[in-house]
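Let the sequences and hints guide you as you build the complete structure.
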Amino acid sequence: MVTPSVPSTLPPLPAPKKRRRGVPIAIRALINAKTLLGAGVFYALFVALVVGLLYPTMTKLNLDAYLTSTGVASLVGAKLTHASSFAAIIGLELYGAFYGLIFGSIIGYIAGAALPATIENGTLDLALARPISRTRYYSELWLSALFASVLTSLATMFAVWLSTLVVKNAQIDWTWLTITQLIEFAFFVFAVGVGLLFGSCMNSSRGAGGAAVGIIFLGYVMNALGSLTNKLNWLLKIEPYYYTPGVQALVQHNFTYWHPWVLIGVGLLCALCGMIIFNRRDLPMA
Amino acid sequence: MIAIAQQKERPAIEISDLHKSYGNVQAVKDITMNIAHGEIFGFLGPNGAGKTTTIRCMLDLIRPTAGSIRILGYDAQRERQQVHRQIGYLPGDVRLPGDMTGKQVISYFADLQGLEPVRLKELVARFDVELKGLLKSYSKGMRQKIGIVLAFMCNPALLILDEPTSGLDPLMQKTFNEFLLEERARGKTIFMSSHIMSDVEKVCQRVAVIRNGQLVAVEAVEALREKAGQRVTVEFGDPVATEELARIPGIRNVTCADGTYHFTISGSMDALIKALSRHEVRRLLAEEAPLEEVFLKFYEEQPAKLAPELSR
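Chains as they are written, first to last, in numbering that gives the first Met the number 0: chain A, 0 to 285; chain B, 0 to 311.
No incorrect hints appear here.
BS3-like, lysine-lysine: derived pairs with alpha carbons at most 27 Å apart:
(1) B:K173 with B:K139
(2) B:K102 with A:K16
(3) A:K33 with B:K102
(4) B:K135 with A:K33
(5) B:K102 with A:K17
(6) B:K296 with B:K28
Covered by chain B, according to a simulated footprint, are these stretches of chain A (three or more residues, beta-carbon under 8 Å):
(7) 5 to 14
(8) 23 to 29
(9) 114 to 128
Since the hints were derived computationally from the structure, they do not count as laboratory data.
The C-beta atom is built at its ideal place from N, Cα and C for all residues, glycine as well.
Structure (structure tokens):
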């Protein structure tokens, strides 16, 4: 047996200096979500520009009767009395139920996948072996998903502004557009909460992200069915789109003010439940 | 100051009656052991014995079903932040995000530690670590070296290493073993699990062997070495009966091939030398028996059967 020759005592090394921590987990999670976020931003720009380019043709076609029909209302989750203005068209195409369905799904998937992705890539074990509490780890992931929501909201508003450059006399009320965006942000808070809840108890990023998207899609189906007939009206009360009156705010400049708070409340509750689960569970190996 | 002195008086790691169950499956049961400050402690056992489960309980990545763990005087569950400020951890399978470079991953974990990686340059040079490329292009050995850098870079007081030499080439294993001995000389405490018994033999002062979730032995390596004894090869010039050698105290496993005898002897060699002096000895070779045989006995046999044999 060869024993390496090493002195029996060596002087201790100096203690390392403290380092500013910042929010590295949140930043890393955002970087991981860049592809999905990019896709969302592209979609917002694409839809807004297409609507802007097609708006003159659409006004000539006189689609008012079609756009205010029950069928379209069930599809977009908003019943309008008139739909000839640019605000109404952009509202139906961008801020209807599709906004929650598409952007909400993206945000829900990002939030759902954030935690299990760190189990899969092995960084969760290494991170939690450092002086980082599980609550802090989870909160930074929450923060990153909310920041992704802010980025998506800003990108959407930017896309609408771009489309107004194409359309003459767009007559968008920017205050109400901001309110509309805030209402949609409430949907994001809900999507983030649902995503984090699934992420806290699942080990697969695709599974957790997919489950969050599934809930958002199920809500859309309930919204569509509930809008079709009075007999299924009750479905509306238990799905998230009912509490997201974005189109109504943008076009009619009014909405039930407490509706978005329902989504925020449910979203926060789901996220808190996820935090409790994450704090209590055994973490699997990568 | 008093608190620090009290911490030093206690063992660096105290594990008491640790149990961890998954439903009806008991992953570890009734583990009790203490590791002193400045000790390199080896934790051995076959695959699935419960080594990683014990380590993950120590790090609060999984929660014990029963029992307690204190590290550097702090409760590993309730005071995990204080514990984790002072430890470095190397997982058994180092997995890192492929889209990050070595430099980025080191910066990320230094941020999480909240401390500057004061030993980064030294470790990178010593272990010949590549930092520029994306981690997805790294070999298993290079990822392991990054894991070693991550564990040691902030100069922690206590290291918890799960199979640290896994994936390293023999030269790097030797470098790592020397590095561990230097760390011990600097007063660090090291708890390491391993499959590679020769590594454990070279660097550890004490070892614990776990089998089927239960500790079957906690012994000083020197004591095990004495139990393992020496392997002796003797070539005689005259005929010698095997029974004559087997009767010598401390001798076991006597075999003979072409007039050359092989056996293992524990304890004093005086009786052997006296017995050999009655014969013509052409060649005599004595070397330390590898501890591997002792360890393997722990792995293979029931704890109850082992105890009397190993306490000889």
